[in-house]
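> Sequence:
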Amino acid sequence: MDWLTAPARYRRASGGVQRDSRSPSYFLLNAQITKKYKDWEVYVGGENLGNFTQANPIIDPQNPYGEHFDSGIVYAPIQGRMFYAGFRFTVN
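Residue numbers 0 to 91, in numbering that gives the first Met the number 0, belong to the letters of the sequence shown in order.
Don't read these hints as lab results, they were simulated from the structure.
No residue lacks a Cβ here, since even glycine has one placed at the ideal position from N, Cα and C.
Warning: the hint list may mix true and false statements.
[What the hints assert, rightly or not] Pairwise CB distance ranges (calculated): (1) Y36 with I57: 24 to 34 Å; (2) R87 with Y64: 41 to 51 Å; (3) K35 with N62: 46 to 56 Å; (4) A84 with N62: 36 to 46 Å; (5) T89 with S22: 37 to 47 Å.
Generate the whole structure from the sequences, applying the supplied hints.
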């Protein structure tokens with residue numbers, strides 16, 4: 000589990016860094032459960048269980064060659080909840 004409380008500074012589309020250009024704090028919850036059976040492990044888990052995503056992570060996406068296009072201001076997840084399951088086999 001992660002709690003991100005220190006807002007990060009980021010550049011505005013104008014190119015300069017301004018004091019009010021800070022990302023908001025957010026809560027990120029990831030979890031996994033693993034069950035062991037001799038040489039096997041079975042697991043299930045999830046990431047970003049709170050489903051927090053950053054709105055508009057790319058500035059001016061309609062103009063990829065324009066002066067204000069910027070994809071470097073991603074401060075939070077851009078994908079929602081994600082679940083997974085799997086198994087591991089250990090060879091001794």
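> Next, verify each hint and record whether it holds.
So, going through the hints one by one against the coordinates:
Taken as a hint, the range 24 to 34 Å is violated for the pair Y36 and I57, whose Cβ atoms sit roughly 45 Å apart. In this structure the hint that R87 and Y64 lie 41 to 51 Å apart at CB holds, the actual value being about 46 Å. For the pair K35 and N62, the beta carbons lie near 53 Å from each other, so the given range of 46 to 56 Å is met. Range check, A84 to N62: about 41 Å between beta-carbon atoms, so the 36 to 46 Å window is met.
Between T89 and S22, the C-beta spacing of about 41 Å keeps the proposed range 37 to 47 Å intact.
Consistency with the previously given hints fails for number 1 only.
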